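**Q** Based on the provided sequences and hints, a complete structural model is requested.
So the protein sequences, as listed, match chains A and B. Mapping of the first sequence onto my numbering: position 91 corresponds to residue 91, and the numbering continues sequentially without gaps. Mapping of the second sequence onto my numbering: position 130 corresponds to residue 130, and the numbering continues sequentially without gaps.
If you are wondering where the hints come from, they were derived from the structure by calculation, not from laboratory data. Bear in mind the structure is a predicted one, so any value in this text is a computation, not a measurement.
Residues from chain A that face chain B, not an exhaustive set, calculated with beta carbons under 10 Å: (1) 37; (2) 49; (3) 80.
The C-beta atom is built at its ideal place from N, Cα and C for all residues, glycine as well.
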Amino acid sequence: MPELTAKLVEIFSLGDIRAGILDLPRPAWPEPGQYLPAQALSATSEILPTQLFRVATETERLALAPLPASWQPGDTLVTLPPQGHGFQLPRGARRVALCAIGVDPNRLLPLIPLALAQAATVTLFCDPQPSPDILSQIPSVVEVAPLAALNDNLTWPDALAADLNRDALPRLAEILPEEKLSFEGQVLVRTDMPCHGLAECGVCAVETRHGTKLACVDGPVFDLNEVLHVAG
Amino acid sequence: MWLAEDAPIRKQDLVLEKLFVNAAGMLGFAPDPHIMPFLGQLGAFITNPISRRPRKPAGSRCCLPFPGGFLLHTGLPNPGISRIIRQYRRRWAAAPLPIIVHLLAEEPGTLAEMIRKLEGLENVLAVELGLPPDCTPDQLREFLAAAEGELPAMVCLGPEQIPTLLPTLQELNPIALHLTQPRGALPGPDGVLISGRLYGPAVFPLMLNAAREVIKTGIPVIVDGGVYEKGQTQAFLDLGVLAIGLGNQLWGIGQNL
Chain A
1 MPELTAKLVE IFSLGDIRAG ILDLPRPAWP EPGQYLPAQA LSATSEILPT QLFRVATETE
61 RLALAPLPAS WQPGDTLVTL PPQGHGFQLP RGARRVALCA IGVDPNRLLP LIPLALAQAA
121 TVTLFCDPQP SPDILSQIPS VVEVAPLAAL NDNLTWPDAL AADLNRDALP RLAEILPEEK
181 LSFEGQVLVR TDMPCHGLAE CGVCAVETRH GTKLACVDGP VFDLNEVLHV AG
Chain B
1 MWLAEDAPIR KQDLVLEKLF VNAAGMLGFA PDPHIMPFLG QLGAFITNPI SRRPRKPAGS
61 RCCLPFPGGF LLHTGLPNPG ISRIIRQYRR RWAAAPLPII VHLLAEEPGT LAEMIRKLEG
121 LENVLAVELG LPPDCTPDQL REFLAAAEGE LPAMVCLGPE QIPTLLPTLQ ELNPIALHLT
181 QPRGALPGPD GVLISGRLYG PAVFPLMLNA AREVIKTGIP VIVDGGVYEK GQTQAFLDLG
241 VLAIGLGNQL WGIGQNL
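**A** This is the structure we're talking about:
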């Protein structure tokens, strides 16, 4: 698998995490929800690669997070090509619900410009409330609502993208009662992926309706129907 | 060739043409040259641990970092020996390096059954036995007796098992001993202690010490060492190990082995 090198040109805060701009050529950019295993070229103290995800709403530069505390602007990173399955926004979607369930909505933000570009209306449902620097990333045409409001609006979206930790998967069925779902949904499942698909090590295993899948290769974005009503 | 030139070669002696192997659990069930450019530097490919029946991932599976390394707790998920053979036998046969199949020793009877299934498969060089953490000397005897067959069988021991099992192992004189990463425990996210194997540079001194003890028995030793520098490799070579097992170094990006 070809390794790529890129420079970390800028670092900024996004809520509680460090994010950065990487000068990778556009064909090597991960899709929202895909991940980029990366390691600093000069750092001998890094024991495992960091899995970087697209964040923010910027479209001209590649914004990624979470960055380790030791990375600094100007550092050279080595990365693999984008890994795993990302979000696929249905082309016909006109009412897009983004749901951050117990996590910051950073990894959903890159979907906003994609949805707006196809003339969709976007609502971000989240719990907890995003920090001001995250809110400043969100265009004013996007409505931001508490997660609790989603249950009263389940007839509204025609597409849904959610982001949550693996241990929160059992909550999905409470938030999204299956009998009320009439839209396509995808879920980004956050979990450690230390081997990035090399070892089938099982740390990132996710229970789905079709058995155990690995987030590092089969995900980390899964169809909502695959992970609804499973133990996590 | 990593052979002692003055010793006769037994029928089941283990011969590795390169100094490094992978530690079990680090590269999956079969080599894949497309995503493993380092295969040419390995003397053998060791599979992920395989059980007789399918195993699900542990409920508390996780990767817990600590200064100098990380703890991996997975439950050793795998689809079971029969499905593994169906799925991977062709890739094993076509692999550019020999295969060592890591078997989870659960019961002597099922171990023998698993080994019979592997006999005759092309390019399978040997099996290695992953022992239960609480394995007793009597169980070790039973497992090694059950493993007798066409394929050479080596035994995997963590450093914490050496005081209990090394004397018996010396008596049984297996084809080789694979010193694997030590087991440890760390508090998980909810404070409950989670056990697993430890990886990273922090384990090197522990493994070097363990290798020094084991090498005295005369049993050929493969050691998973937390090796990150040439000097550490040389320290193992000076002891006279048969090979060095690489762990998470293989997961690194932009690293030179």
